[in-house]
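Engineer: Now for the letters of each chain:
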Amino acid sequence: MCAALGLKLIELSGWVCCGSSAAHRADPEAAFRLPLANLALAEQGGFREMTMPCAACFNRHKAAQHRLRQADPPPARPEAAGAGAPGGAVQVSALGEALLRRVGAREVAARAKRPLAGLRAVCYYGCLLTRPAHVTGAEHPENPTELDALMRAIGVEVVDWSYKTACCGAAHSLTRPDIVLKLSGELIRQAQAAGADLIVVACPLCHTNLDARQFQMKLESPLPVLYFTQLMALALGLPQKAAALDKNLVDPRPLLRAKGLLELYP
Amino acid sequence: MAEALPGGQPPIHSDLARRVQAETGQNVFLCYQCVRCTSGCPVAEFLDWQPNQIMRALQLGQDDIALGAQTPWLCAACQTCTTRCPQGLDVAGIMEFLAREARARGLRPRVPEVEIFNQAFMREVRLWRRAYELGLMAEMKLRTGDLTGDLDLGLKMILKQKLAFRPRPCGRRAGPNRSPARPAPWPTTRAARCIPRRRSLTSPPGRCARRSA
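In the order they appear, the protein sequences are chains A and B.
If you read the first sequence in the numbering used here, its first letter stands for residue 1, the second for the next number, and so on.
If you read the second sequence in the numbering used here, its first letter stands for residue 1, the second for the next number, and so on.
Just chain B, same shape as in the assembly:
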């Protein structure tokens, strides 16, 4: 949807801005470039485009910048920008949306590790209904190909018994707050089945093998 501008300037494409508004409820045209988001951003020095520049790109319909930047992927979700924006914009929420939108449009994630982490984490949660850090770390290592990084750290943490070897799936004990079986609180998607089929791994959560009772 291009809006004609006087004086023969190139039209502004606001499709992505409209998508942002529809999905996150945020009107990017409220941004007046005070740059507080960027000033407070802890990861600013690692970004190719600063948060305020992304906001400007959204206003101007520069989708290639907004969707092609590393910024949405490197955002630490610390919420500093959202907290400080004088216009009350949820800048961090917009970054999250942009990363999702880039994936939905078939663009490759600019920081693949982050996408791998997100997917691996969600897979652990689908399998066990809880986080399983060691499994998550192992999958990260295999998928990123970085097999040696932080091994010393992992070893130290295992020696301190800070990392459990086995996942501790969510078992439902008989208790005062026991409830009838519920459907899983997430849509069961194909991603959950990416791991080789084994009964103990793919049986639906809530009926975990070990602690059914």
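Chain A with its partners taken away, still in its complex shape:
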């Protein structure tokens, strides 16, 4: 999808896990060093920007850079001996933000061969793309609009709702599923009450909580939850396989076919 928009993504060789939601609770030093190792790798490789499809990865890398800026005096390089740069110079961006800045909504709209007209969606950002604002640099931490802009560009009707940045329960998915079911279930119900056909998300863990756990939520009717690139792949006219619609646990294909956005027999 990114290639179709002229954005070439290169996987960072030797990347490590950012520590996610466990490291900063159990071991703050690791939570600082792990993302920093990636940033240093990127800087060494001559990259100026690092983008990631996960809100938590994005947040941890931003947090590490924030701590780097705060440190006074700057800390000794954690991966000293020859491993190079501190990694403060690499721009960290979430995928949606990178697309908007590097390609732009107008260009996306121009390249959308098959605009998804008639589809009503709510955009769900979750917690870590925007919060806390002094770390993520979000302009509007309580009302972000990046996904809205991308979705409008591909013809989706974006429905306003109050739960854009409410929490889905996140990493409690493995520890306290009861909490996740309550919070995520509420999100689905609120999206349905807002009159949306589907939820668009920008974080894989939010996606799992909202999509894969739906069968446990005792809902009257299921609501498809799509990662935003899935819809963009469709609108750009890429082969259906590129949209990976078969990977969702709540199958979005019946809805898309009903709206005439998907061939009956791919």
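Simulated from the structure, these hints should not be mistaken for lab results.
As the structure is a prediction and not an experimental result, all values here were calculated from the model.
Treat the hints with care, as some may be off.
To be verified - Per label pair, the in silico range of CB-to-CB distance:
#, chain 1, residue 1, chain 2, residue 2, range
1, A, R48, B, L142, 40 to 46 Å
2, B, Q161, A, P254, 18 to 24 Å
3, B, N27, A, L7, 29 to 35 Å
4, A, T145, B, A44, 38 to 44 Å
5, A, L12, B, A22, 34 to 40 Å
6, B, A44, A, R67, 41 to 47 Å
7, A, L238, B, D146, 37 to 43 Å
8, B, A164, A, A71, 51 to 57 Å
9, B, D146, A, G237, 43 to 49 Å
10, B, Q87, A, A193, 31 to 37 Å
11, A, L12, B, Q161, 34 to 40 Å
12, B, Y32, A, A117, 48 to 54 Å
13, A, E220, B, I158, 25 to 31 Å
Quick reminder that beta carbons are idealized off the backbone N, C-alpha and C, glycines included.
Starting from the known structure of chain A, fit chain B onto it as the hints suggest.
Structural biologist: Showing chain B alone in chain A's frame:
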């Protein structure tokens, strides 16, 4: 360190508040109980003490409440309180610190699953340098004793090929950004050796068996 109060009131113990300030840079005495943290807290209904009550307990030196509550463990780290605090306090960061401090003082975690998850996750990261969800889930199941919960969900995700069976350790390919071997970006601690010693599991990261090259 107790500060005497006039009128024979019990003195305030601010040791823990000082620890918070030293470790997180947050001055809990700035809190004036506006309760925005609690109002926005998504997990408030599951907590025994609300975030603003924890802040008050810290101010008053009620360590038993601050360190003995489920609140720091159940905090979802959604950062809503930190974002909204009018005094700019990093409430979520204070919660994280309290959970760590409780462990450091030898208190049992009030929500053991969370501590098990954190330790198991970090172990995966130490072993593979990446997350390995299936291994993490298996360890959670064994250590919490909850063997049946969410099995249906796990099966659905495996059928959709959303869960990898094997860990995909961090292999270093020859490439434009290849760098000389680095020391591990974390301190190698005893916890990493809790798993039975087998060469392939305990060999240092970066020299993973499969994709050394």
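Engineer: The structure should be examined with respect to each hint, and the outcome stated for every one.
Structural biologist: Consistency of the hints with the structure:
At roughly 44 Å, the beta carbons of R48 (chain A) and L142 (chain B) sit within the given window of 40 to 46 Å. Between Q161 (chain B) and P254 (chain A) the CB atoms are about 21 Å apart, so this pair conforms to the stated range of 18 to 24 Å. The given range of 29 to 35 Å is broken by N27 (chain B) and L7 (chain A), whose C-beta atoms sit roughly 44 Å from each other. Checked against the hint of 38 to 44 Å, the pair T145 (chain A) and A44 (chain B) fails, with Cβ atoms roughly 27 Å apart.
For the hinted restraint 34 to 40 Å between L12 (chain A) and A22 (chain B), the CB-CB distance of approximately 36 Å keeps it satisfied. Hint check: A44 (chain B) to R67 (chain A), Cβ distance near 28 Å, so the stated range 41 to 47 Å is violated. As the Cβ distance of L238 (chain A) to D146 (chain B) is approximately 41 Å, the hint placing it in 37 to 43 Å holds. For A164 (chain B) and A71 (chain A), the Cβ-Cβ distance of about 36 Å falls outside the hinted range of 51 to 57 Å, so the restraint is violated.
For the pair D146 (chain B) and G237 (chain A), the beta carbons lie near 46 Å from each other, so the given range of 43 to 49 Å is met. Checked against the hint of 31 to 37 Å, the C-beta distance between Q87 (chain B) and A193 (chain A) comes to roughly 35 Å, which is consistent with it. Checked against the hint of 34 to 40 Å, the C-beta distance between L12 (chain A) and Q161 (chain B) comes to roughly 24 Å, which is inconsistent with it. Here the CB-CB span from Y32 (chain B) to A117 (chain A) is close to 51 Å, well matched to the stated 48 to 54 Å.
At roughly 28 Å, the beta-carbon separation of E220 (chain A) and I158 (chain B) lies within the given 25 to 31 Å, and the hint holds.
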